[in-house]
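Assemble chain B onto chain A, guided by the hints.
Taken in order, these protein sequences are the chains called A and B.
In terms of our numbering, the first sequence opens at residue 909 and continues consecutively.
In terms of our numbering, the second sequence opens at residue 6 and continues consecutively.
Among the hints, a few may not be true.
What the hints assert, rightly or not - BS3-like cross-link-like pairs, simulated, lysine-lysine; straight-line CA separation at most 25 Å:
#1 1000/A / 323/B
#2 16/B / 323/B
#3 1000/A / 322/B
No wet-lab data here; the hints were simulated from the structure.
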Amino acid sequence: MWPIYILNGLYFAALIFLISLGLNIILGVMGILNLAHGSLYAIGAFMSAWMIVALGKGAPMFLIYPSLLSGVVLAAFFGLFMEYFLIRPMYKRALEYQLLITFGALLLLEDVIKMIWGGEAYYASRPFDVLGKIHILGNPYPAYFLLVMIMALIAGLLIWIFMYKTRIGVMLRAISLDREMATALGLNIHKMGTFAFVLGSALAGLAGALVVPTTPALLGFGMEPLILAFIVVVIGGLGSLKGALAGSLIVGQTRSIGIVLFPEIELALLFLIAAVILVAKPEGLFGR
Amino acid sequence: MGLKKVITRPKFIIYLFVILALLFLPRILSTFNLILFEYGLTFAIAVLGFNLLLGYTGLLSFGHGAFFAAGAYGVAMIAKYFPGLYSMEILIPSALLVSFIISAIFGFLCVRHTRIFFAILALALSMLVYALVFKFYYITGGSDGLYVKVPSMFGMTFEGIRRPQFLSGIYYYFLLGVFVFSFIIMKGIVNSPFGKALQALRDNELRAELIGIRVRRYRLYVFIISGMFTGLGGALWSFINGHVTPDVSHWVFSGEIVYMTLLGGFAIFEGPIIGAMIFTFLKLYAMGSTEYWMFIIGITLIILVLLLPTGIAGGFKKLADRIRE
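Next up, chain A with everything else stripped away, as it sits in the complex (with noise of 0.2 Å):
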């Protein structure tokens, strides 16, 4: 069965590993935690699950999974309004309030998704049902598990030749960098904040998306995986890139492999492990 948890792990780290991204894209540019970034998240689940509920069964093939898409665009669509409306004023203003403007908005956004979707449970397994399972080293596999590790590959992949290839990434890293020296520079700081918040909240939503066919979507979805998002960062160091990667997979393999030999406790080591790592190095893997 070791293949199998190893396998799951993956998986866990690949929906961590967009969440986390998208974090810490918007923590290294603006330096803004979003703590509402796991409702964004969960607007992708909602709205996702809601398309492909109301494609109904008889929906063919090719417009289900570009349907998840919709997910992606509608937290794209609440990152941009959030920015323009609750961060931008927050720029110049002290931690405090940038942290309790978004804390704010977790709170605004959790009533809105019961306000558009109701209370209840939406389940959209379709997705994940007709791709069936495969067999790897003998033991049956969802597919759609792998699939999911190849999206989040791609999106990693795509993220990361976007940010290191490309003018526009070059600058969102120099902002990153030295945020004073940039603007010295003459970049447009406000336009590329909202860049990069809009990225963050789409993969956010990505992950969502992605997530909603294995399991409903709920309200209050996007806690636990705010939670872990954050023990990413913890561990990785803030604002990097690589960080994300290394500290979803420790994250993500530490539950699979918690999970199968002590069920208990599998949080507690995970935070044990942050713990050692902070204490060895305080700034996080990669951090600065």
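Just chain B now, with coordinates in the frame of chain A:
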């Protein structure tokens, strides 16, 4: 400052009048509102501790719910496992001990960091408490929580007395006494050389270190003191609520503690207390009037941050300054 100078200050006279007025509160308010006020008092003790960390040391913790829960569960566990020891004079010190242990462990990890890293780390660690309370349900009662019965106090037992009666009687005066005591202690800490050192450290860490303040150690002390105050608030809260659930260790509750502090205004010593009171009433009435109470709380918070960043106390102070001119 001599005693005579203290008691002739206008602020002292205001405090005295407020406390005198509070003594008569059970005769004025209905039992429902009085109990709500008591909730507010326990939160006020908690945010008093929280603000030592935020307002005076400049560290924003999004994990103070863990210490609140430590105090509350400290009480509830004794109720369940050592019923023979279930009296106030044992409960309060043991709740303080539990919150001391937890805040010392968390503090050790957190105080190496500042700003966002500190906030995330405190938040994540508090969620560890939440997860453990959930997972070890055969000890902690899991999501059902634990029942907290009416305690005996200083040799008096309250067998057969219903909780509202207990709460609106002797417990109110006890709570008020503890609150005044914590207020004085905290005021003393803030005005002591230690408190001044903290403010120096908040304003400029490097400068504070250069004049010989041991930054990390001081932060650890503050973290522990702050955690213990919050734990005391949690312990006192558990008697009012009669029931302790893991919700108080969830980071959303920690966020509410931050909210209370900012609502009142963290730059002013009394601000968070006012914030705790207003928040308690605001939340309950919002919950009573609509299903979407989180929406109301969230909108209020956003408007507050955008328009009144110094909080209610700060707003009043500004107003008073303007009138004086």
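The hints, checked one at a time:
1. 1000/A / 323/B: At roughly 21 Å apart (the allowed maximum being 25 Å), residue 323/B and residue 1000/A satisfy the hint.
2. 16/B / 323/B: Between residue 16/B and residue 323/B the Cα gap is close to 17 Å, so the pair holds against 25 Å.
3. 1000/A / 322/B: 23 Å, holds
Of the numbered hints given earlier, the model fails none.
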